Amino acid sequence: MKKQMAMILSAVLVTGMAGGCSGNNTPNSAAGGAASSQAQETAKETAKEADGETAGSGSFDGTVVLGATAPLTGPNQLTGEYYVNGMKQAVDEINAAGGILGKELVLDVQDEGTDQSIAINATIKLIESGVPAIIGSYFSTNCMAVLPEIEKNKVPYFANGSNPDISASKNPYVWQIRVTDDFTGPIMADVALNELNMKNPAVLYTTASSTTIQKDNFVKAMEERGSVIPDSNIYGAPENESNFGSIINQILGSDVDGLVVMGVSEAWDVALAQQLQSAGCDIPLMGSSSFASAPFIEVAKDAANGWFTVADWSPNILGQDLDVAERAAEFETNYENLYGAKSAMQSAWGYDCVYLFKEACERAGTTEDREKINEAMNGTDVQGANNYYKIYEDSYHVMSTYIMLCETTDGEAVPVRTVNFR
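If you count the sequence shown from 1, position 156 lands on 176 in our numbering, and the numbers rise without skipping.
Some hints could be false.
Said to hold, decoys possible - Lysine-lysine pairs mimicking DSSO-like chemistry, simulated, CA-CA at most 27 Å apart:
1. K174 with K190
2. K240 with K190
3. K362 with K172
4. K321 with K145
5. K123 with K174
6. K145 with K123
Simulated from the structure, these hints should not be mistaken for lab results.
Being a predicted model, the structure only gives us computed values, none of them experimental.
Full structure from sequences and hints, please.
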């Protein structure tokens with residue numbers, strides 16, 4: 021029954037949130053604010069019914085509403101659903117254990133849609149509603165777009181984009197939980213050289229700011245390690261590119277000994293992987309984190325096999341000969357029991373953000389005071405599902421500690437080893 025109620029609540033939240041911001045021209049987003057508010061109230065009542073089975077009806081001393089944004093419409097809707105599922109799993113666990121400082125935890129997730137203006141409106145709506153913190157986007161461009169509003173309103177914000185410019189802004193209210201691209205570039209260079217024996221690889225990247233930075237750091241790291249990549253081996257493609265035929269022909273017609281790709285979206289990654297497969301590509305392939313994601317593998321099918329990835333997360337940690345944190349294994353086991361499917365990296369990010377908020381509230385002794393909660397984030401030192409989080413002196417509020425090397429075989433991103441970079 022609890023599993024059924026959890027799934028019902030997830031559906032109610034998504035229904036209410038799809039119309040959560042004005043100006044969204046994507047499908048299924050035309051509902052008015054009144055309908056959204058009504059759906060959110062229904063969601064809160066449903067949460068109480070679901071949690072009452074374990075925590076007991078009437079056992080909470082009020083509620084605390086945690087804000088979040090996610091792509092619930094448009095081409096990234098599938099990863100958005102994984103993101104919300106991870107958050108909801110954490111909320112269920114926390115409420116079953118008594119909530120946060122005795123209060124029931126409730127999610128208010130707004131649709132960030134398909135462009136920055138919608139993401140900004142969604143964030144402003146959450147700020148104006150008075151939420152004590154916001155779990156933000158996993159797209160760096162959306163994170164960067166809302167930073168001024170976050171700083172102006174002094175709201176703790178969990179940024180799940182990987183662009184190092186997010187932390188470089190030194191916004192005191194922004195906490196970046198993912199491995200940033202300035203770290204992943206050198207890690208990818210080490211893997212390319214030492215494990216895949218790439219001495220003269222081609223590099224293909226989306227021209228988004230975050231992947232451009234990742235490309236630059238990779239090329240620099242390769243040069244520092246003695247392998248200079250000529251400009252003729254480097255290819256850029258816009259985020260909306262769907263036809264890679266010309267680029268693939270150039271790559272396969274050259275003398276490169278591997279291909280390293282920095283992707284950013286499921287559709288871009290899938291189109292590239294399938295076209296490489298159709299072209300008979302037989303050189304080693306390594307991709308950024310998105311090439312290990314469950315949505316990419318699900319849609320790309322056989323074309324996902326053979327890719328090595330430097331990834332934030334793999335759900336295939338269970339039963340592996342790998343030193344896996346107990347909290348990570350528990351998260352994956354419980355996720356599969358709850359949703360009947362494996363998680364995605366977005367699930368782990370959302371899950372961990374909810375717990376980071378909870379633990380900050382407990383250190384601060386409040387679920388309402390944004391300033392105290394934000395200050396308490398400085399005391400973070402904890403193992404999550406996705407990573408180990410703490411404050412490091414080598415960056416500003418970049419909290420992760422390691423990343424995972426994976427190889428996709430038989431439709432699964434299988435972890436090879438963890439790579440500690442701190």
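Quiz item: Under the criterion that the straight-line Cα-Cα distance not exceed 27 Å, is the pair K145, K123 satisfied?
Solution: holds (23 Å)
Quiz item: Keeping to a limit of 27 Å between CA atoms, is the pair of K174 and K190 held or broken?
Solution: holds (13 Å)
Quiz prompt | Distance restraint between K123 and K174, which requires alpha-carbon spacing of 27 Å or less | solution = Within the cut-off at roughly 23 Å; holds.
Self-check item: Straight-line alpha-carbon gap K321 to K145, limit 27 Å
Solution: violated (38 Å)
Quiz item: Does the alpha-carbon distance linking K362 and K172 stay inside the 27 Å limit?
Solution: violated (39 Å)
Exercise. Assess, step by step, whether the Cα of K240 is no farther than 27 Å from the Cα of K190, and give holds or violated.
Key: holds (24 Å)
The structure fails hints 3, 4 (numbered hints given earlier, in ascending order).
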